[in-house]
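J.: Can you make the complete structure from the sequences, with help from the hints?
Following this note's numbering, the numbering of the sequence shown begins with 8 at its first residue and continues without gaps.
For the record, the hints were derived by calculation from the structure and aren't laboratory data. Just so you know, even glycine gets a beta-carbon here, dropped at the ideal spot from N, CA and C. Treat the hints with care, since some could be wrong.
Unchecked claim - Simulated DEER-style distance windows between Cβ atoms: (1) Ser161 / Gln235: 38 to 46 Å; (2) Pro212 / Asp291: 38 to 46 Å; (3) Ala232 / Leu391: 26 to 34 Å.
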Amino acid sequence: MKRVLHIQFSMKSGGSAAWKLHQAFSRQPGFSSEVLTLHSEEQRRPALFGLSKWAVLKAKLNNRLHKLVVKYDQKQYGLFTYPIMGTDVAGHECVKRAEVIYIHWVQMGFMTLDGLETLIKTGKQIIFFMHDMWSITGGCHNSFDCAGYQTDCSNCPILDSSKSLASMQLRRKEAVFNHENVSFISPSRWLKDCAERSIATAGRPVHYIPNYFNSRYFVPQDKVAAKQKLGIDPDVRVLLFGAVNLFSAYKGFEYLEQALNYFPEIYTEDRLQILIFGEGSEADIQDRFPYPVKFLGYLNDEKDIAQAYGATDVFVIPSVADNQPTMVVESLACGVPVVGFETGGIPDMIRHRSNGYLAASRNYRDLAEGIKYCLEESIQGYQLESFDPELIMSLHNELINERDTIGV
8 MKRVLHIQFS MKSGGSAAWK LHQAFSRQPG FSSEVLTLHS EEQRRPALFG LSKWAVLKAK
68 LNNRLHKLVV KYDQKQYGLF TYPIMGTDVA GHECVKRAEV IYIHWVQMGF MTLDGLETLI
128 KTGKQIIFFM HDMWSITGGC HNSFDCAGYQ TDCSNCPILD SSKSLASMQL RRKEAVFNHE
188 NVSFISPSRW LKDCAERSIA TAGRPVHYIP NYFNSRYFVP QDKVAAKQKL GIDPDVRVLL
248 FGAVNLFSAY KGFEYLEQAL NYFPEIYTED RLQILIFGEG SEADIQDRFP YPVKFLGYLN
308 DEKDIAQAYG ATDVFVIPSV ADNQPTMVVE SLACGVPVVG FETGGIPDMI RHRSNGYLAA
368 SRNYRDLAEG IKYCLEESIQ GYQLESFDPE LIMSLHNELI NERDTIGV
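T.: Written out as structure tokens, the structure reads:
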């Protein structure tokens, strides 16, 4: 029996991907799986272990200190993380039981680089599952067009002062990760390429394995019935946009706004409805578009999210920086075509003009053309072969067994 442990920040966002992978391992013969999380919220599930209130308090203290020490414009650049304090989990019973440890998203006061190094020095097989770029940069979670992580991050464009923090952290990561029991997984080909160029991960194995996804909720639905459930006229064409944070620096809301305000110039049919869900307020999005907007708020339940896809004709993802956005996978599984920019891991999921449309990055006119194409051609969404759940788990098995084969 091979004992696997997943370490994550919370059950939300990247934690959802970690939980799905844990469930897949739990169903596999010859494996047992557990999850260790900083924030367990109200979740009480078998094999899910939360840390102490003291660990959560330390994370909050870290985040307050971080705001004082690290000055930058988060609205423009997204997250930048320089861990100051956190929790050493090497002595936790879950860690002691595990033979293989997947480290998912563990920033925001959960683990420091010293804590990660202590975990690595246990000698167990350590697999970093990269949900963004933090592991390979001097601290940013997405570098956009900056390639400083390939050299030394000494001229970080994000930090207002103390630019040496980025360079110091990049070199520290290089030392921490430089162990034979460490490897990396990227769920996108784009991030795999970035990791292979980074100083931090130079010489360490980087594997491309998409996020595991297998849900009974995300399936094609009766579109007329789904629209009626949401109070939408079945004859109206629906465009959907969703994000955890609607106005994140990564999600490109401004390009959605530009594209849809340009859309009436190229698409004469005016029976359109815009459907939006995520963190934000209705007041923030009303009066921005030339079509009616229905705001669903933040959706946490898979059934509610699937219902939104069921009522949708085209899902639009104008992200300017993204790894392997789960919403693309969900939409395609529901038979809904996806229109997005050719950036990050999005091209891994969309076959241009087949199950969606890849627009030139940051080109709102091309984004609008993609929406028009999918509507006029009645494009149907479908998942590509590389996202087959069985194939994905076979790749994880190969990675785990590879260490046994080479006798490490």
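J.: Work down the list of hints and note, for each, if the structure agrees.
T.: Okay, the hints, checked on the actual structure:
| no. | hint | verdict |
| --- | --- | --- |
| 1 | Ser161 / Gln235: 38 to 46 Å | violated, 58 Å |
| 2 | Pro212 / Asp291: 38 to 46 Å | holds, 43 Å |
| 3 | Ala232 / Leu391: 26 to 34 Å | holds, 28 Å |
Going down the numbered hints, you'll see the structure goes against just number 1.
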